[in-house]
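Novice: Hey, can you work out the whole structure from these sequences and the hints?
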Amino acid sequence: MMINPRASLAGVDAANGQCWYEIRAMTAGRVEIFLYDVIGGWGITAQQFVADCKEAGVFDASAVDLHIHSPGGDVMQGFAIYNTLSRLKAKVDIWVDGVAASMASMIVCLPGATVHMPENAWIMVHKPWGGIAGDSDDMRDYAAWLDRNEALMLSAYMNKTGLGQEELEAMLKAETWLNGAEAVEKGFADTLEPELQAAACVNENKLKDYQNMPQQIKSLFAPRAEAPVNQPQQPAPVQANLTPPATQQPAQQMTNIDVAALAQQLQQQMQASNAERVSTVSAVFEAFPTFATLKAECLADFTCSAEKAREKLLQALAAGTTPSAGPGAIHLFAGNGNLVGDSIRAAVMTRAGYAQAEKDNAYNGYTLRELARASLVDRGIGISGHAAPLAMVGLAFTHSSSDFGNILMDVAHKAALMGWDEATETFDQWTRKGTLTDFKTAHRAGLESFPTLRKVRAGAEYKYVTLKDRGEPIALATYGELFSLDRQTIINDDMDMLTRIPMAMGGAARATIGDLVWAVLTSNPKMADGKPLFHSDHGNLIAADLSIDGLDSARKAMKLQKSGERHLNIRPEFVLTPVAIESRANQLIKSASVPGADVNSGIDNPIRNFATVLSEARLDDSSPTDYYLAAAKGRDTIEVAYLDGIDTPYLEQQQGFTVDGAAFKVRIDAGVAALDHRGMVKVTKK
Numbered sequence: 020m021m022i023n024p025r026a027s028l029a030g031v032d033a034a035n036g037q038c039w040y041e042i043r044a045m046t047a048g049r050v051e052i053f054l055y056d057v058i059g060g061w062g063i064t065a066q067q068f069v070a071d072c073k074e075a076g077v078f079d080a081s082a083v084d085l086h087i088h089s090p091g092g093d094v095m096q097g098f099a100i101y102n103t104l105s106r107l108k109a110k111v112d113i114w115v116d117g118v119a120a121s122m123a124s125m126i127v128c129l130p131g132a133t134v135h136m137p138e139n140a141w142i143m144v145h146k147p148w149g150g151i152a153g154d155s156d157d158m159r160d161y162a163a164w165l166d167r168n169e170a171l172m173l174s175a176y177m178n179k180t181g182l183g184q185e186e187l188e189a190m191l192k193a194e195t196w197l198n199g200a201e202a203v204e205k206g207f208a209d210t211l212e213p214e215l216q217a218a219a220c221v222n223e224n225k226l227k228d229y230q231n232m233p234q235q236i237k238s239l240f241a242p243r244a245e246a247p248v249n250q251p252q253q254p255a256p257v258q259a260n261l262t263p264p265a266t267q268q269p270a271q272q273m274t275n276i277d278v279a280a281l282a283q284q285l286q287q288q289m290q291a292s293n294a295e296r297v298s299t300v301s302a303v304f305e306a307f308p309t310f311a312t313l314k315a316e317c318l319a320d321f322t323c324s325a326e327k328a329r330e331k332l333l334q335a336l337a338a339g340t341t342p343s344a345g346p347g348a349i350h351l352f353a354g355n356g357n358l359v360g361d362s363i364r365a366a367v368m369t370r371a372g373y374a375q376a377e378k379d380n381a382y383n384g385y386t387l388r389e390l391a392r393a394s395l396v397d398r399g400i401g402i403s404g405h406a407a408p409l410a411m412v413g414l415a416f417t418h419s420s421s422d423f424g425n426i427l428m429d430v431a432h433k434a435a436l437m438g439w440d441e442a443t444e445t446f447d448q449w450t451r452k453g454t455l456t457d458f459k460t461a462h463r464a465g466l467e468s469f470p471t472l473r474k475v476r477a478g479a480e481y482k483y484v485t486l487k488d489r490g491e492p493i494a495l496a497t498y499g500e501l502f503s504l505d506r507q508t509i510i511n512d513d514m515d516m517l518t519r520i521p522m523a524m525g526g527a528a529r530a531t532i533g534d535l536v537w538a539v540l541t542s543n544p545k546m547a548d549g550k551p552l553f554h555s556d557h558g559n560l561i562a563a564d565l566s567i568d569g570l571d572s573a574r575k576a577m578k579l580q581k582s583g584e585r586h587l588n589i590r591p592e593f594v595l596t597p598v599a600i601e602s603r604a605n606q607l608i609k610s611a612s613v614p615g616a617d618v619n620s621g622i623d624n625p626i627r628n629f630a631t632v633l634s635e636a637r638l639d640d641s642s643p644t645d646y647y648l649a650a651a652k653g654r655d656t657i658e659v660a661y662l663d664g665i666d667t668p669y670l671e672q673q674q675g676f677t678v679d680g681a682a683f684k685v686r687i688d689a690g691v692a693a694l695d696h697r698g699m700v701k702v703t704k705k
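Residue numbers for the sequence shown follow this note's numbering, so the first one is 20 and each next one is one higher.
Don't take each hint at face value.
[What the hints assert, rightly or not] For lysine to any residue, the following SDA-like pairs were computed, each having C-alpha atoms within a straight-line distance of at most 25 Å: (1) 110 - 203; (2) 545 - 519; (3) 652 - 321; (4) 575 - 628; (5) 705 - 585; (6) 110 - 212; (7) 205 - 377; (8) 684 - 705; (9) 550 - 460.
In short, the hints are calculated from the structure, not lab data.
Specialist: Take a look at the structure:
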């Protein structure tokens, strides 16, 4: 049995119509939100708060005024509110009308908000606390969970105040209360406002929770005889006399421990907790009398909470139905998943060497196994039934509330992209990049050029020119491979499987495109006119040695190409050579004079720097002496087309029965084809 953390002491009693917040849509796109009492009290969750925010237009507002007078509340509900309001695009002003204690003080620290505090308002920060009944492993897990919640709260405080972690930790440990002036000095608030009388009373049972509460604050927790003056308009639920639900008092310090009394107290707590559990589980099934058997199973299972019962009911309702959204559908939820998920992702990226370590990240230095555990425990997902490491890691991959698999996929995708970028390929320096939107065969229309423009006499009409289409076919194909990250990889903390394997596959994807490009040159495919790409009829196949005369002959052949009757004057920009003759080609092209001639003869090199030499080992496999000339990048030479223009590998994740973990597929959709013979020349040895 788990006793809720310190901040979540309000009971579940929504029948009296009370609520701890109110939302008001004002004029000119302004919305007011009042958080006035125990967050999560009376069984009203953050999910309902988010739904009401949406209905009131909070997410579309241009300005939001958030008024806070709260002693704190449920930790998870507070995280949900913090994350939800952090995403607001509107200008946010926060007004501490009385007290912002415990979890409410974290909401005060919303990123980008301006915080206003009167001199007699208060902020309190302290360490989260709670209790648990169970074995030693359960207690260690719960202690670790409290520490991680504290780390998340510290991160929010540091981002708002700029104070150091050690100073804030000391403030939390001491249960620190700050008035308006002190809060401004410490950075918790931005502007100091004139003093106001107390806005309204809140749950007076919270007095029992705080040990260091200043005496002047206690009046805020007692009912007032008359309404205060100069107070901001209060939410209707708060103006009523509140009858707070029963709360759980913190344990008292004892010098002589009465074991029997302590056991009896614990038993009473467990009985009370189970009675509450039975009530909330029964409420889940009120509208579904046909599921009486499932209800009885849930009531008999002491570990089955209302949330688990709701999940089982939804699964039973969904049995035999077809989901309306596919596996790729996006599901939005309110919770502390953003903070936990982003922190875990940053920690893994740091270990992989893809990001700098964030000093305030509580997960720095964690192993993959520890991060898998944190992705469950820090979201409040129980793992008592999955104590074995293999079972726990498997749950991290498969649980719907854990994004551990997606985090690993992000890191693997980063590694695959690095492998793609670092692959030593040269084809993209001279080929043309294209886009295809489907896998059907397309025809690239290289229209015959205009021979000349006809003269248009004064008052005469312009005439349409007749163009001839020549189309070379090109089609996409999919290239890919699979790799897996199983549970043993996570338990063994094998970062190589997470980084080196995807990186190698990313490099292999780029090499695959290179294979396709260079194969076009060496295989000499047929063009749309029925003739090979390099053919004497095309004027782009000559026999010559690698010499100044041979290179000059190839250059002339390209420049003399015609489209109909028009000279195209295509200049070669690249000489594509096997590695075997790379040095010789560079010597011939970069020499100031003719190699072999007397340096004082005054004979200049006629082809000096006329093109850039690119060597490719794949050409050596075909012929160590043949070489090619290619026109500038963007001309009609060889096109490399990608699906929707995405020229990087794509990573997909799949969980199934064949792998105890997750399988990842690296794929790329590309097509390669020659567009025109006139932008390329092949030179074969005599």
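Novice: If a hint holds in the structure, say so; if it doesn't, say that too.
Specialist: Right, here's what the structure says about each hint:
no.	hint	verdict
1	110 - 203	20 Å, holds
2	545 - 519	40 Å, violated
3	652 - 321	70 Å, violated
4	575 - 628	15 Å, holds
5	705 - 585	31 Å, violated
6	110 - 212	19 Å, holds
7	205 - 377	23 Å, holds
8	684 - 705	48 Å, violated
9	550 - 460	20 Å, holds
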